[in-house]
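Peer 1: Sequence:
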Amino acid sequence: FYLDFLTQIGIPVKDRHLSACLSKEDVSWAKQFLDTQGIRPSDRLVALVPGGGASWGKSASYKRWPAKCYAKLADKVIEKYHTKIILIGDASEQALCQEVASGMVLPCIRWFGRTTLGQFAALLGRCSLAIVNDGGPLHLAVALRVRTVSIFGPVDEHVYGPYPKDDHEVVVSSVSCRPCYRKFRVADCPHRQCLQRISVEDVLNKIGVIK
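So for the sequence shown, this note's numbering puts the first residue at 111; every next one is plus one.
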């Protein structure tokens, strides 16, 4: 909206993309870490971020696709695209990430709760694709020009989704009560079908080609 306002008063907008700057130290750390994990520069790496939504506090789980679904999706992505998965999240999401890892059949890089924000961003920036929930990691990936597939439940993706939408896919369900997050408040929902009804195949179909 602010950028559109500028155009109305005659100021041209040449670039609408977000940007995030990574420090040389964090980039170097990420390279060294991935080297130790056997990841080569030519390898296709996909970030799986099953957390997010920390600003919602105790209600953060309302924005998160089930861990068991992330686990099944990760296995299918590895099988179909012959990529490697890195499972990341912050210290408060270790139990959630561990649940995803435990539900997977195929191996992945488990590095959750062990990075600074800068290191997290540097790992994210190395990926070809990030599969995320509605939340901060989505917008960080967008700012790093990493392709995303994001999963939205109670929140309106047209307001809080990736911006701009280039190279980004959003997955939502068709339940009539979503989006129910309005005026910075989430509805007291007994079923959360907006996330439960999103299948692994729904998300997999949005991924497309991983370069």
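These aren't lab readings, by the way, just hints derived from the structure by calculation.
Treat each hint with caution, since some may be false.
[Stated by the list, open to error] For lysine-lysine, the following PhoX-like pairs were computed, each having C-alpha atoms within a straight-line distance of at most 20 Å:
1. K275 with K182
2. K190 with K178
3. K275 with K321
4. K275 with K190
5. K321 with K141
6. K124 with K275
7. K190 with K321
8. K293 with K186
[To be verified] Across the chosen pairs, the derived CB separations fall in these ranges:
9. K178 with C131: 30 to 40 Å
10. L227 with S152: 23 to 33 Å
11. R224 with E311: 29 to 39 Å
12. Q142 with S286: 44 to 54 Å
Heads up, the beta-carbon is just placed ideally off N, CA and C, and yes, glycines get one too.
Peer 1: Hint by hint, note whether the structure agrees.
Peer 2: Verification of the supplied hints:
no.	hint	verdict
1	K275 with K182	violated, 26 Å
2	K190 with K178	holds, 18 Å
3	K275 with K321	holds, 18 Å
4	K275 with K190	violated, 25 Å
5	K321 with K141	holds, 19 Å
6	K124 with K275	holds, 16 Å
7	K190 with K321	holds, 13 Å
8	K293 with K186	violated, 37 Å
9	K178 with C131: 30 to 40 Å	holds, 36 Å
10	L227 with S152: 23 to 33 Å	holds, 27 Å
11	R224 with E311: 29 to 39 Å	holds, 32 Å
12	Q142 with S286: 44 to 54 Å	holds, 50 Å
When held up to the earlier numbered hints, the structure conflicts with 1, 4, 8 and fits the remainder.
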